[in-house]
Amino acid sequence: MSKASVLTPWPRFQGRGHWFWLTPLLLFSAIMAGTAIGETSISIETVLKVLANRLLGADYPVDRIDAGIIWSYRLSRAVVAACCGAGLALAGVVLQALLRNPLADPYLMGISAGASTGAVLVAVAGFGGGVVTLSAGAMVGAIAAFGLVVILAYGASDSRGGGTQASSAIILAGIAGSSLFNALTAFIIARSASAEQARGIMFWLMGNLSGIRWDNALLAVPTALGGLLVCLWYRQTLDAFTFGNDSAASMGIAVRRVRGILILTVALMTAVMVSMVGAIGFVGLVIPHAMRFLTGSRHTRLVPASALAGAVFLIGADVVSRILVTGQVLPIGVVTALVGAPVFALILIRGARSR
Amino acid sequence: MKLVAENVSWKVQGRTLLENVSLSIAAGETFGLIGPNGSGKTTLLRLFAGLQKPKAGRIRIAGQDMARMRQRDIARSVALVEQQANTAERISVHQAVSLGRTPFLSPFQPWSEEDEAIVSRALADVGMQSMAERLWHTLSGGERQRAHIARALAQEPCVLLLDEPTNHLDIRHQLSILQLVRQLPITVVIALHDLNQAMECDRIGVIEDGHLVDLGTPRQVLTCRRLRQTFGVHADILEDPAGPGQIMRFRQAV
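Each protein sequence line maps, in turn, to chains U and L. The C-terminal residue of the first sequence carries number 355 in the UniProt record's numbering, and the numbering is unbroken. The C-terminal residue of the second sequence carries number 254 in the UniProt record's numbering, and the numbering is unbroken.
The shape of chain U in the complex, shown without the other chains (with noise of 0.2 Å):
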């Protein structure tokens, strides 16, 4: 019974109220942590003080090349991560909780094998003629490839009339899916790259957040606020798929019209995110998971601890990818994958024991 009530979830955390003076203030202390620690370590006043005269119109005296790493390097760079990791921890917990499948993650659905098949177009096989940046190829292989998993999974399902088949269809769809847009990129790969541009491919592929400025952070802190913003108006819906499709529709839900809005927009989501930083793994498969031992099942805490553990373990991930090998900086997905793969074995271990 000891060991029960151990893993029964932490009784602190169920509590309401906590959460939400706790939310901004731990994002907060991570972003700052993620602009102040770095290769040149740079004190958390001084990053006040860089904060203070650009958003509050103070006039401290600080360093100009300090100041020019903060704003215009660290700080874009920790707010987007922080929007990327909310975003595909948001996206898993919406794809496991309407699947049903434990292993639902966010490029499931073909969306980083589409943008990987994209980025590869332009960079190596010259499409777009220059004009098309990476991102933008990316976003349209993502796009284009969750568009064929949908019409995929449509036909699978359809003639079964939904209920349970509709999501093993949307699985398997997305197997195919991926199989074949992955099939694509290495065909690419193989037909026109040079060794050198299919290092740099692969590198981008496993997530890199070296190349964000500010005008990323302004697609990436809408669009995760805005699936922050669906995911919690949804979150009793999410509840009521526990038992599945035809017990959430028996308690009302209008399954199709839900699972079409909710899809869609973690897809774009995803695609958004994918096509600014590449594939980052495990970020969208792990958070969701260990916040369910956090906080239990129910979405309307899950959804905003999920989307905050993703946004802190993104940055702490970057942190760590840039000063964990001295004058190199790693992609971030390998850190992620280096840091997930055991702490999902860990989770999986403890569930086992629970059951």
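Source of the hints: derived by calculation from the structure; they are not laboratory data. Quick reminder that beta carbons are idealized off the backbone N, C-alpha and C, glycines included. Heads up, a few of these hints could be off.
[Said to hold, decoys possible] Dumping the calculated EDC-like pairs for lysine to aspartate or glutamate here, alpha-carbon to alpha-carbon at most 20 Å:
| id | chain 1 | residue 1 | chain 2 | residue 2 |
| --- | --- | --- | --- | --- |
| 1 | U | K49 | U | D66 |
| 2 | L | K11 | U | D246 |
| 3 | L | K53 | U | D246 |
| 4 | L | K55 | U | D246 |
| 5 | L | K11 | L | E208 |
| 6 | L | K55 | L | E19 |
| 7 | L | K53 | L | D65 |
| 8 | L | K55 | L | D202 |
| 9 | L | K2 | L | E208 |
[As the list claims (entries may be wrong)] Taking CB as the label site, the calculated pair distances span:
| id | chain 1 | residue 1 | chain 2 | residue 2 | range |
| --- | --- | --- | --- | --- | --- |
| 10 | L | A117 | U | R256 | 32 to 40 Å |
| 11 | L | T217 | U | G226 | 56 to 64 Å |
| 12 | L | N7 | U | I261 | 33 to 41 Å |
| 13 | L | A62 | U | I261 | 26 to 34 Å |
| 14 | U | A345 | L | R172 | 57 to 65 Å |
| 15 | L | A62 | U | V132 | 56 to 64 Å |
| 16 | L | K53 | U | I261 | 18 to 26 Å |
| 17 | L | A117 | U | L25 | 33 to 41 Å |
| 18 | L | A242 | U | R256 | 27 to 35 Å |
| 19 | L | G14 | U | G147 | 48 to 56 Å |
| 20 | L | G216 | U | L232 | 50 to 58 Å |
| 21 | L | V213 | U | G147 | 46 to 54 Å |
| 22 | U | A186 | L | G14 | 38 to 46 Å |
| 23 | U | L22 | L | A117 | 54 to 62 Å |
[Claimed, not checked] Listed next, the stretches of chain L that the computed footprint assigns to chain U, with coverage defined by at least 3 CB atoms under 8 Å from CB atoms of chain U:
| id | region |
| --- | --- |
| 24 | 71-79 |
| 25 | 85-91 |
| 26 | 98-111 |
Starting from the known structure of chain U, arrange chain L on it as the hints suggest.
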């Protein structure tokens, strides 16, 4: 609330699962649906719950055409307990039962004291107050079924649809669930496999190959001929020496 099926048909991939079924269930009635495996009982219950719209014909609840109602409005008067609905989520019984309040909640109408009181009452109705904090995966089959019924009751339905609720339960739980269901002052439509249990319903409908072949009180419907024709068994029907009812004694398959 009166529940009516008018010439309802349902087909899937060219196979007819229900054809031209017409049926009227009075408010407060306990109505049993019986028939062999795959005869269309579950399909009819799904149509009654609004999960599917009939390919032809109409389902009416309190006179209103269900095809024109929003899912949410249907769920405010009709609740369904499916045959096997399970979850791998770590949720407590209380949380599972709370899901029944979904049709009454919205982002602007959050959880209220009243919802809490309704959930407590539903838990009490199935005798599970003491298990409210138990986690779902620690429950036995009978406890899960009772929790599902409590979840349906939390919808405060006028019509409760049950799809073989006593499957896989031991005899004590079978009887306690049937007793519970019969006591409810609402319309209950219950698909049953155990014909002796069907004896306890107010009226019975017999479904065979998607057709409603018989309709009436248990005494009218459950005859030796019906058991042979529809269920393929030779049986004797005996007067219960201990009470007013009848007992079926099954001999052998036809």
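Hints and how they fare:
As the CA atoms of K49/U and D66/U are separated by approximately 11 Å, the hinted pair is consistent with the 20 Å bound. For the proposed pair K11/L and D246/U, the alpha carbon gap of about 18 Å is at most 20 Å, so the pair holds. About 13 Å separates the Cα atoms of K53/L and D246/U, which keeps this hinted pair within 20 Å; it holds. With a C-alpha separation of about 18 Å, the suggested pairing of K55/L with D246/U holds against the 20 Å cut-off.
Distance check on the hinted pair: K11/L and E208/L sit about 15 Å apart at the alpha-carbon level, within 20 Å; holds. As the CA atoms of K55/L and E19/L are separated by approximately 10 Å, the hinted pair is consistent with the 20 Å bound. Distance restraint check for K53/L and D65/L: the Cα-Cα separation of roughly 11 Å lies within the 20 Å cut-off, and the hinted pair is therefore satisfied. At most 20 Å may separate the alpha-carbon atoms for a hinted pair to count; K55/L and D202/L exceed this at roughly 29 Å.
In summary, the hint linking K2/L to E208/L is not supported, as the alpha carbons are separated by about 24 Å, beyond the 20 Å threshold. Between A117/L and R256/U the CB atoms are about 33 Å apart, so this pair conforms to the stated range of 32 to 40 Å. Checking the proposed 56 to 64 Å range against T217/L and G226/U shows it holds: the Cβ atoms sit about 59 Å from each other. In this structure the hint that N7/L and I261/U lie 33 to 41 Å apart at CB holds, the actual value being about 35 Å.
In this structure the supplied range 26 to 34 Å holds for A62/L paired with I261/U, their Cβ-Cβ distance being about 30 Å. Against the hinted window of 57 to 65 Å, the Cβ-Cβ separation of A345/U and R172/L comes to about 42 Å, which falls outside the hint. As the Cβ distance of A62/L to V132/U is approximately 59 Å, the hint placing it in 56 to 64 Å holds. At about 21 Å, the CB distance of K53/L to I261/U agrees with the hint of 18 to 26 Å.
At roughly 36 Å, the beta-carbon separation of A117/L and L25/U lies within the given 33 to 41 Å, and the hint holds. Between A242/L and R256/U the beta carbon distance is about 52 Å. The supplied range of 27 to 35 Å is therefore violated. Taken as a hint, the range 48 to 56 Å is violated for the pair G14/L and G147/U, whose Cβ atoms sit roughly 30 Å apart. The hinted window of 50 to 58 Å between G216/L and L232/U holds, with their beta carbons roughly 52 Å apart.
Taking the beta carbon of each, V213/L and G147/U are about 48 Å apart, inside 46 to 54 Å as hinted. Separation of A186/U from G14/L is about 42 Å and conforms to the stated range, judged on CB atoms against 38 to 46 Å. The hint said 54 to 62 Å for the Cβ distance between L22/U and A117/L, and at roughly 31 Å that hint is violated. Coverage of a stretch by a chain is defined here by at least three residues with a beta carbon nearer than 8 Å to that chain's beta carbons; for the region 71-79 of chain L and chain U the count is 8, and the condition holds.
Note: the region 85-91 of chain L has 7 residues with beta-carbon separation from chain U under 8 Å; the three-residue rule is met and the coverage holds. Here's how the region 98-111 of chain L fares: 7 of its residues keep a CB closer than 8 Å to some CB of chain U, so the rule of at least three is met and the hint holds.
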